[in-house]
Amino acid sequence: DTEVTQTPKHLVMGMTNKKSLKCEQHMGHRAMYWYKQKAKKPPELMFVYSYEKLSINESVPSRFSPECPNSSLLNLHLHALQPEDSALYLCASSQETSSTDTQYFGPGTRLTVL
Amino acid sequence: AQKITQTQPGMFVQEKEAVTLDCTYDTSDQSYGLFWYKQPSSGEMIFLIYQGSYDEQNATEGRYSLNFQKARKSANLVISASQLGDSAMYFCAMREGQDDKIIFGKGTRLHILP
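Protein chains in written order, with our numbering: chain A, 7 to 120; chain B, 4 to 117.
Simulated from the structure, these hints should not be mistaken for laboratory data.
Predicted model only: the values in this text are computed from it and were never measured.
There may be inaccurate statements among the hints.
If you want a taste of the chain B side facing chain A, the calculated C-beta under 10 Å gives, among others [what the hints assert, rightly or not]:
#1 7
#2 34
#3 45
#4 47
#5 55
#6 59
#7 67
#8 71
#9 101
#10 102
#11 104
#12 112
#13 115
#14 116
#15 117
Stretch by stretch, here's where chain A covers chain B in the computed footprint (C-beta under 8 Å, at least three residues) [stated by the list, open to error]:
#16 13 to 19
#17 35 to 42
#18 75 to 81
Glycine included, each C-beta is placed from N, C-alpha and C at the ideal position.
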């Protein structure tokens, strides 16, 4: 089983709202990732968690706040977003973080900020 | 300099024909992994195939094969007997050594014609 689940599938929010994106995997993977993808572009890495600790933050604005409550769950808390933050947000996981470890992606959350 | 180069922004191929999607990479690491992902219009990033830098044989997964030419630093994806459902964006990606990141190319949009 290589399933990563994400909720919600779609999200529309105003610039003053607070919302959260959720990601879950039950493959025993110890690395989890958040990516942002704009239309017709490759995914851009936002955050990496390795063994539940934040290992990479790619200079993401503080209005995005990641959280890893346990090894299976990854959240992305959103607050005071801008319209340019509208994108597809993809979660991924991998066994660990070596070059042989495949990242498996969830279906994504399509976020629209009004 | 780009680490992953995909020179074909778009391709049109007749159904049932074989198709080759080009990918070249740049790294000074001895240990690295190469990946291909398919992204249909639904947005989900689907893992297709993996090739390790130390693998002597080309990777194959069903109709997908990876033509790995290490000296040329190329990792082309070959899809045999293309189907309408193969129409999607295809991303080549690389992971170096113990790096937490995976680096994506800009992608190739493949259109299969009936």
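Structure-based check of each hint:
1. Taking 10 Å as the C-beta contact cut-off toward chain A, the hint placing residue 7/B at the interface holds, the least distance being around 9 Å.
2. With its C-beta approaching chain A no nearer than about 5 Å, residue 34/B sits inside the 10 Å limit, and its interface hint holds.
3. Of the supplied interface hints, the one on residue 45/B holds, with its beta-carbon coming within about 7 Å of a beta-carbon of chain A, less than 10 Å.
4. Below 10 Å, beta-carbon pairs count as interface contacts, and residue 47/B has one with chain A at about 4 Å; its hint therefore holds.
5. Nearest Cβ of chain A to the Cβ of residue 55/B: about 6 Å, under the 10 Å cut. The hint holds.
6. Interface hint status for residue 59/B: violated, as the beta-carbon distance to the closest one in chain A is roughly 15 Å, over 10 Å.
7. Look at residue 67/B: its Cβ only gets to about 14 Å from chain A, farther than 10 Å, so that hint breaks.
8. Among the interface hints, the one on residue 71/B is violated; its C-beta lies about 14 Å from the nearest C-beta in chain A, farther than the 10 Å criterion.
9. Residue-level restraint check for residue 101/B holds (minimum Cβ-Cβ distance to chain A is 6 Å; threshold 10 Å).
10. Evaluation of the residue 102/B hint against chain A yields a held restraint, the C-beta minimum of about 7 Å falling below 10 Å.
11. At a threshold of 10 Å, the smallest CB-CB gap from residue 104/B to chain A is about 6 Å, leaving the interface hint in force.
12. For residue 112/B, the shortest C-beta to C-beta distance to chain A is roughly 8 Å, which falls under 10 Å, so the interface hint holds.
13. The restraint placing residue 115/B at the interface with chain A is violated, with a minimum CB-CB distance near 19 Å, outside the 10 Å limit.
14. Interface restraint check for residue 116/B: the shortest CB-CB distance to chain A comes to about 21 Å, outside 10 Å, so the restraint is violated.
15. Residue-level restraint check for residue 117/B is violated (minimum Cβ-Cβ distance to chain A is 24 Å; threshold 10 Å).
16. Counting residues of the region 13 to 19 of chain B whose beta-carbon sits less than 8 Å from any beta-carbon of chain A gives 0, not enough to reach three: the coverage restraint is violated.
17. Residue count for the region 35 to 42 of chain B with a Cβ under 8 Å from a Cβ of chain A: 4. That meets the three needed, and the coverage hint holds.
18. Residues of the region 75 to 81 of chain B lying with their CB closer than 8 Å to a CB of chain A number 0, which falls below the three-residue condition for coverage.
Checked against the numbered hints above, the structure violates hints 6, 7, 8, 13, 14, 15, 16 and 18; every other hint is satisfied.
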